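Novice: Sequence:
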Amino acid sequence: MARPKRQDERRAYLLAATRAAIMARGLAGVRVRDIADAAGMSPGTVTYYFRDVQDLFADVYDEAVERFYARRSQAAEQHEDPARRLAGMIDSGLPSGPDDELCCLLYEFSPQARMRRGEAVMRRSLFDRQADLYERILRDGADSQAFSLTTPPTDAARNLVALEDAYGYHIITGTSVDRKEALRLMTGYAAHVVGVEV
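Residue numbers (UniProt numbering): 1 to 198.
For the record, the hints were derived by calculation from the structure and aren't laboratory data. Fair warning: there could be bad hints in the mix.
25 Å max Cα-Cα, derived SDA-like pairs, lysine to any residue [claimed, not checked]: (1) Lys180 x Asp100; (2) Lys180 x Tyr169; (3) Lys180 x Ser96; (4) Lys180 x Gly97; (5) Lys180 x Ala83.
Quantities reported herein were computed from a predicted structural model and do not represent experimental measurements.
Throw the hints in and build the complete structure from the sequences for me.
Specialist: Structure, rendered in structure tokens:
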């Protein structure tokens, strides 16, 4: 039996291979063979570490959620100025482009949330945690009188996360709303909410 450190390394390697397979084929099209090919292993090795491929998918999703939230949290703390903090949050919530791996993974798993309770809970938790970050920035800005809020901070925070989700989908799928346009639209909304240019 493999030693714990080697097992952890193999599992991490399989998570990376699964991410690559999902990016190449889409979540619905990925089979154990695709993960094995991406990892340069046999399908039997994949199932040795993850007996059920759904467990592997769940780990990929959990990891993506935590990485995405960590990125948001870092962006929220990067600046002292409330307007710059708000701009940084908006920027960090939108995909960098159609091939943004982290955002693509989250969108791939979104349709599964309706059918799988664990993913629905994670999705709701991610939404709430992001809204909390926005709300903190909005409240801090109002408390310091840098912002003159036109909308209750809880409502504005939720709207900002919902806009990110919607515009992010357009960026990933390559519709007429690209990242530049999404940033313009979101910062315009945010400026209306806080009463200053973002």
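Novice: Can you name, in rising order, the numbers of the hints this structure does not satisfy?
Specialist: none
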